[in-house]
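Novice: We have chain A; now place chain B onto it with these hints.
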Amino acid sequence: MATLSKQDIGKILARQGILIAFAFFIIGFTLANGRFLSPDNVMGVVRSSAILGVMALGVTFVVISGNLDLSVGSMMSFSTIVVLDLHDKIGPALAIPAMFAMTLCLGAFIGFLVGYLKLNSLIVTLGMLSAIHGLTLTYSGGKNMDIADKDGTWFDVFGQGTALGIPVPILIFLALAALLGIILAKTPFGRKVYAVGGNGTAATFSGIKRARTVFFCYLMSAGCVATAGLIQASRSMGSQNTVGQGMELEVLAAVILGGASLLGGSGTIFKTVIGVLILGFIQNGLLLVGLQFYVQYVVTWVIIILAVWLDIAAKRGKLWSNFA
Amino acid sequence: MQAGKMTPFIKTGAIWAFVVLELIFFSVAGEFLSLSDKAFMDLDNMLLLLKQSAPIGIIAMGMTIIMINGNIDLSVGAIFALAAVILLDSMSWAIFAGLGDWVIPVSWALALLTGVVLGAVNGLIVWKTGVDAFIVTLGSMLGFRGLVFMYNGENPTSELNWTLVDFAEAQFLGLHTATWFLAAVTLVIWYVMTRTVHGRNAYAIGNNREAAVNAGIRVGPHMMINFMIIGFLAALSAVVFYSESGSVNPNDGQLYELWVITAVVLGGTKLTGGAGSIIGTLGGVLAIQLLRKGLGHIGADTETVNLVIGLILIAVLFLDRQLNLKGKEELKT
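First to last, the sequence lines map onto chains A and B. Numbered according to my numbering, the first sequence spans residues 1 to 324. Numbered according to my numbering, the second sequence spans residues 325 to 657.
For the record, the hints were derived by calculation from the structure and aren't laboratory data. The C-beta atom is built at its ideal place from N, Cα and C for all residues, glycine as well. There could be a bad hint or two in this list.
With a straight-line cut-off of 30 Å between C-alpha atoms, the simulated BS3-like cross-links for lysine-lysine are [said to hold, decoys possible]:
1) 118/A / 362/B
2) 594/B / 452/B
3) 315/A / 452/B
4) 271/A / 452/B
5) 315/A / 118/A
6) 318/A / 452/B
7) 150/A / 89/A
Simulated coverage check for chain B against chain A, where a stretch passes if three residues somewhere in it have a Cβ under 8 Å from a Cβ of chain A [to be verified]:
8) 412–419
9) 621–634
10) 637–647
Chain B extracted, bound-state conformation:
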């Protein structure tokens, strides 16, 4: 009993310990190696770090639910791009010309709706056909990307609305708008996963799909809702990011799925489903962003970031397995 209760705590704790370790390492190493005279733990730098974590972080929260469910979503990068295209393009549609700045909420709603619909398409296919989510979303990753290209060819879609840029760059209580969105999403999804029936069902389905079906959980609709949630969050991430940048290339968001999955796995969520936590995922997101910024801070080439993150991911997987083996042996005795 004790071990069973302690293990999840140690696991979520581990990623945060890693985050603290990174902070200490880069602060100390920065003293000797950094070319800039600013400290790594400088407040502005940390605030910026939170802001930059937001696009990946918001999607990662959705991916956590999907992966706890025992599924995976490879199409988030393409959903991200398509939502961004809709967001920026719809602002200049003739029918909204009379709205003035009120076009902003309308465009946001359209972009978010796009995400929900694309997620629903994934979810419906997974539900009705029973094809593995990996294959379904592998396909729609290509398909949705094709839709992005079909929308505007190979041209970038641009629309700079200064009211929107001001909003996106605003700092409320010191935190950037994007950070607030990340915080809100984290809070809501954490609540859903720990305090609601939907969250409990998500774990149950991930643990044992057959048993969940037998227990009367409607597995299909449940998974579809989760795909709609991650679609919504991928679109929200695009909305937050592109409100500021104002221009999207058809190739934007590529490899996002890999970054997101890396963050979620670092945060301790099992690929096989049934285990994982939102707080752990937040730790994973911050750990990756810290690594990116930190390596830049101590003057390492940006190229090494990929190398380091890849190896850390494998190391975490290895350590996790060793810990699990130990835990099982302890239970036996």
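Chain A with its partners taken away, still in its complex shape:
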């Protein structure tokens, strides 16, 4: 009864493949360099992954709802620049809510276009990637933003502070992951997100308001981006206009690595966190064994394709595609 057929083993491998691969990586890197699993190093990796991770949490909602968000990178640059600029003008206590409001407006605009006007999310967010980048440059005049008085402010707490011995970015990341994980898995809204992404037509017929659900997904994504921008700004206390450039694709890579399907309807917050950590640990592990940072690009490439391939192969029941 308990015997596993070959197919079952294959299925388990494909389902949990990403976790198994992750375990192998950890073991391999630990054997190669004993420092890899030291608390300091682990803490360092999670801390440096926090910004990417916070963004990936929001994008997970968007991807599960069957859409894409390519604008998170330039949106993160925008919120970083805005909060740094406003910090010196109106003080941190007002700058942070103001920045959140502005970023949420951008998210609402995208949500309106994709949700209510039903425009293709890939092109809308591609356009917004460019548009928000232009907006940031126009806002800052192309100059770098810096906080003038770096020592006389409490603003650095979000990026550099620690509480209970744990860096604040990690706490924010974990708290947000827990909150959004509960929203996605345990609330009616979360179930609507899955329904809309899994089968939009069926969802509409069962009375789910597709447009509104998609709209709120983008709003959540923007909220996460604003949080990431806050951590980034607080960590560096100064920033270029292009700080988030290219992150949209890294974020997407993490979400896909976690096993969310680009077609929508599948994925979880927990898996996304795993995806983020895999990227972070691989990057760190390769550096620790003495390889250059760019080797991780190639490794990430191989891992992403293998992960998605295994996932698809398990669903269709055979390894190779049906194309002649």
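Specialist: Showing chain B alone in chain A's frame:
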């Protein structure tokens, strides 16, 4: 029937109408706002515009086929960079030392071969694994960029060959070398898409992949060939561009994929596949370049270009959908 025939015409026409509109707007606005006393429609300025459209334009022709196929290629910027590195580096390889200036065609061939091989890798993965092209090329965008860095670290690769620079800066019948390349590529790809079986298959596969498989079209190899074409064109674009500039940074070509896709979508090609035209794409490429130059001409900050192009892209998407809805309603009555 009438509506079906008219719609594509209106769509390709629309982008060219937009190009003309831009020309008029920037010429008139330039009279009042420009700091330079030269007209916007100055012949030299227009020739330069065509030349500057070439790098994006050449890749956009390949992207049109890929997108008509219902796929997408995000790795073109990285292929562009790797081909450029191979082009410039191979010119100083010891084995070619005796060739003199004959090293140029050899280096070109090597760079183009690089593009074809990288494209084939993408195509083979899409074909054999059945993973969506978006994910495959998202991965290889990272992977190929990693290869660029692995080749020469974070250093720029430089090699200035004056014979090559002279060739790249030459003007034959008034048009720059790069413009000739763009024209030739446009012509060839237009011919392929409108007059050959391969082109017809591309539309068929984009329209309905299942049906194409059932009709006996070998979808996998077909898509692989298209990925090899876009790889070749991305390398050709690098060859044309770097023959003149002579130095490539490992980060060059980043965001090219976004510019190219923007141009193709402006030109009326559907992301879902099955529809699109090369002439429309050419219009999209010129429209973007005109906007960049025009905004500079009337003294707007270069930063605003990104803002304007992004919003125009969304507006086009919206208008396109409205037009489609109208067309469907007309068919119903």
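Novice: Against each hint, give a clear statement of whether it holds in the structure.
Specialist: Comparing the hints with the structure gives:
1. Of the pairs offered as hints, the one joining residue 118/A and residue 362/B is violated, with about 44 Å between alpha carbons and a cut-off of 30 Å exceeded.
2. This hinted pair checks out: residue 594/B and residue 452/B have alpha carbons roughly 25 Å apart, not beyond 30 Å.
3. Note on residue 315/A and residue 452/B: the hinted pairing holds, with a Cα-Cα distance of about 16 Å set against a maximum of 30 Å.
4. A distance of roughly 26 Å separates the Cα atoms of residue 271/A and residue 452/B; the hinted pair therefore holds under the 30 Å criterion.
5. Restraint check for residue 315/A and residue 118/A: the C-alpha separation of about 29 Å stays at or below 30 Å, so the hint holds.
6. For the suggested pair residue 318/A and residue 452/B, the alpha carbons sit about 11 Å apart, so the restraint of at most 30 Å is met.
7. Taking the CA atoms of residue 150/A and residue 89/A, the gap is near 14 Å; set against the 30 Å cutoff, the hint holds.
8. Only when three residues or more bring their CB closer than 8 Å to a CB of chain A does the claim for the region 412–419 of chain B stand; here the count is 0, and the claim is violated.
9. Check on the region 621–634 of chain B: 9 of its residues sit with their Cβ under 8 Å from a Cβ of chain A, so the three-residue criterion for coverage holds.
10. With a cut-off of 8 Å between beta carbons, the region 637–647 of chain B has 5 residues touching chain A; three or more are needed, and the interface restraint holds.
Violation of the numbered hints given earlier is confined to hints 1 and 8; the remaining hints are satisfied by the structure.
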